[in-house]
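S.K.: If you want the building blocks of each chain, they are given just below.
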Amino acid sequence: MLDPAGEATRAAAARLGVEGIRQLRIGKSIELELEAPDRQVAQSQLELLSDRLLANPVIENWCLELLDSNGEQQP
Amino acid sequence: MTVGIVVFPGSNCDRDVRWALEGCVGLPTRFLWHEDRDLSGLDAVVIPGGFSYGDYLRCGAIARFAPVLESLREFAQAGGAVLGICNGFQVLTELGLLPGALTRNAKLHFLCEPTGLRVQPGLCRWLQGYAHDEQIVLPIAHGEGRYQCDPQQLAELEANGQVVLRYASNPNGSVGDVAGLTNATGNVLGLMPHPERACDPVTGGLDGHRLLASLKG
Chain A
1 MLDPAGEATR AAAARLGVEG IRQLRIGKSI ELELEAPDRQ VAQSQLELLS DRLLANPVIE
61 NWCLELLDSN GEQQP
Chain B
1 MTVGIVVFPG SNCDRDVRWA LEGCVGLPTR FLWHEDRDLS GLDAVVIPGG FSYGDYLRCG
61 AIARFAPVLE SLREFAQAGG AVLGICNGFQ VLTELGLLPG ALTRNAKLHF LCEPTGLRVQ
121 PGLCRWLQGY AHDEQIVLPI AHGEGRYQCD PQQLAELEAN GQVVLRYASN PNGSVGDVAG
181 LTNATGNVLG LMPHPERACD PVTGGLDGHR LLASLKG
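Chains A and B are the protein sequences, given in the same order. Just so you know, the numbering used here puts 5 at position 5 of the first sequence, and the rest follows in order with no gaps. Just so you know, the numbering used here puts 175 at position 175 of the second sequence, and the rest follows in order with no gaps.
Isolated chain B, as found in the complex:
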């Protein structure tokens, strides 16, 4: 089991994800530069947080055209496990692997705080270590995390059980309190909170550990 970690110009959580996976969970990783196309030998890929390509134009809008993401789209469609954290979630929506979009927080502030979440794992392979309706706390750190989609799309996501993470107390104005979404087959997860920042007892909070450790099966 080796996990790829995508690195764009402007990614800034890539090393945190590496530490969480290698140092805390015990899984080997490989950095994937944005121009790489070769995902062979990888069992999962993480798109970390940060400001890919400076987040120019819109968050994730330019990253979507990176060569590595062409390969990632095929990887995801073949059932590979894909996790997009924060900017990674924004990239997954721009790429079309998850529906909707993430927009400026309702009160315009950049939010950086521990946040209560309710987990409804359903089919999501990344969340099988959590109980249905389990309450957890993960840190958020974003200025553009307000999830938006049209009401019909939201109803469809709800009916399919794809809204797998919800804010207990909605901090950013997301429709449906959406904090994280999975795709119809459960192999792709995008979430605004940072599980990799809640894996190490030194920094406090361990609720993200089970998410990354789910890769160990």
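Excised from the complex, chain A in its bound form:
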């Protein structure tokens, strides 16, 4: 799907002298802190949120990354 803001940014990158960018797409990153009894519950609540509110699957793809309370990446 056409991402006009990404295309405009790609054109600007070429003016800066950075060549060879085949594709540039702009999305968004959402950080949220969630209290949940365990990882499974957190995961399923975040999936629900991502699918029904944070992203519109008709026009957007999403993925999520879980970090623990120390900011360490969960396996």
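No lab work stands behind these hints: they were computed from the structure. Just so it is clear, CB atoms sit at the ideal spot from N, CA and C, and this is done for glycine as well. Any given hint could turn out to be false.
Stated by the list, open to error - A few chain A residues that face chain B, going by a derived Cβ cut-off under 10 Å, partial list only:
| id | residue |
| --- | --- |
| 1 | Met1 |
| 2 | Leu2 |
| 3 | Asp3 |
| 4 | Pro4 |
| 5 | Ala5 |
| 6 | Ala8 |
| 7 | Lys28 |
| 8 | Ile30 |
| 9 | Leu53 |
| 10 | Ala55 |
| 11 | Asn56 |
| 12 | Val58 |
| 13 | Ile59 |
Unchecked claim - Now the stretches of chain B that chain A is said to cover, found in silico as 3 or more residues with beta-carbon under 8 Å:
| id | region |
| --- | --- |
| 14 | 56-67 |
| 15 | 88-101 |
| 16 | 106-114 |
As the list claims (entries may be wrong) - Label-pair distances were calculated between CB atoms; the ranges are:
| id | chain 1 | residue 1 | chain 2 | residue 2 | range |
| --- | --- | --- | --- | --- | --- |
| 17 | A | Pro37 | B | Leu108 | 43 to 49 Å |
| 18 | B | Gly41 | A | Gln73 | 51 to 57 Å |
| 19 | A | Arg39 | B | Gly217 | 54 to 60 Å |
| 20 | B | Gln153 | A | Ser44 | 45 to 51 Å |
| 21 | B | Asp150 | A | Leu64 | 43 to 49 Å |
| 22 | A | Val18 | B | Arg73 | 46 to 52 Å |
| 23 | B | Pro151 | A | Glu31 | 32 to 38 Å |
| 24 | B | Asn160 | A | Gly6 | 50 to 56 Å |
| 25 | A | Glu31 | B | Asn12 | 41 to 47 Å |
Given chain A's structure and the hints, the job is docking chain B onto it.
M.R.: The following block gives chain B in isolation, referenced to the frame of chain A:
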């Protein structure tokens, strides 16, 4: 016949719709605050243009969870007449009453200009006052009006005659030149152009009048 007009924080065409319906067409209206749930006594509901909840996240994404829209979904499913204009169209797609989504205009500009449209009314109850293939002019005013859906969905909409309004000269990159869509039963219409801004001879252009006057039967 009383027409409800939904008012979200950030709606800005609600009063224009009221003037078009009451002052130009002669139908009584009632404003519906976004927290209202009571649609009793209403024969039709309009979701006007604007920036509901600031259009944060995505246009219409937060509005979709408003209490008034839970009632509206039932109202539409029971056959009630529902019209979504501009931001209202975006809300109807987020709500799932119409398929697809509206995205940033292909050339990124906010477009505010009179636009030629071709009408193919089919079953749409809002467009019965127009002839098949009639050419009309309505103003558009949007930054995110590029209609998107997958090719299979578009083919289905075309086959069902649900693409009821098309741009004569596509200004925003919408697939299929889609400017307005109806649902399978024809009671719900979503469109990016503003019919309420083309109802009063004082401001010029009257091609929207018949759309709102269709409620008079």
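S.K.: Would the hint on A/Val58 stand, with a C-beta cut-off of 10 Å toward chain B?
M.R.: Since chain B brings a Cβ to about 4 Å from A/Val58, closer than 10 Å, the hint holds.
S.K.: If I claimed the Cβ atoms of B/Asn160 and A/Gly6 lie 50 to 56 Å apart, would that claim hold in this structure?
M.R.: This hint is violated: roughly 33 Å between Cβ atoms.
S.K.: In terms of beta carbon proximity below 8 Å, does the region 56-67 of chain B have 3 or more residues touching chain A?
M.R.: holds (count 4)
S.K.: Given A/Ala8 as an interface hint, is its Cβ closer than 10 Å to any Cβ of chain B?
M.R.: 6 Å, holds
S.K.: Hint validation: A/Met1 versus chain B, beta carbon distance must be below 10 Å. Holds or violated?
M.R.: 6 Å, holds
S.K.: Looking only at beta-carbon atoms, does the pair B/Asp150, A/Leu64 fall within the given range of 43 to 49 Å?
M.R.: Given range 43 to 49 Å: violated, Cβ gap about 24 Å.
S.K.: Checking hints one by one. Is A/Leu2 an interface residue toward chain B, by the C-beta closer than 10 Å rule?
M.R.: 6 Å, holds
S.K.: That 32 to 38 Å hint for B/Pro151 and A/Glu31 (C-beta), does it hold up?
M.R.: 35 Å, holds
S.K.: Determine whether the Cβ-Cβ distance between A/Glu31 and B/Asn12 falls within the hinted range of 41 to 47 Å.
M.R.: Roughly 31 Å apart at Cβ, these two residues miss the hinted range, so it is violated.
S.K.: Return holds or violated for the Cβ distance of A/Val18 and B/Arg73 against the range 46 to 52 Å.
M.R.: 48 Å, holds
S.K.: Going by Cβ atoms only, is A/Ile30 closer than 10 Å to chain B?
M.R.: 9 Å, holds
S.K.: For the hint on A/Ile59, just tell me whether its beta-carbon gets within less than 10 Å of chain B.
M.R.: Holds, about 5 Å.
In terms of the numbered hints stated before, the structure departs from hints 20, 21, 24 and 25, listed from lowest to highest.
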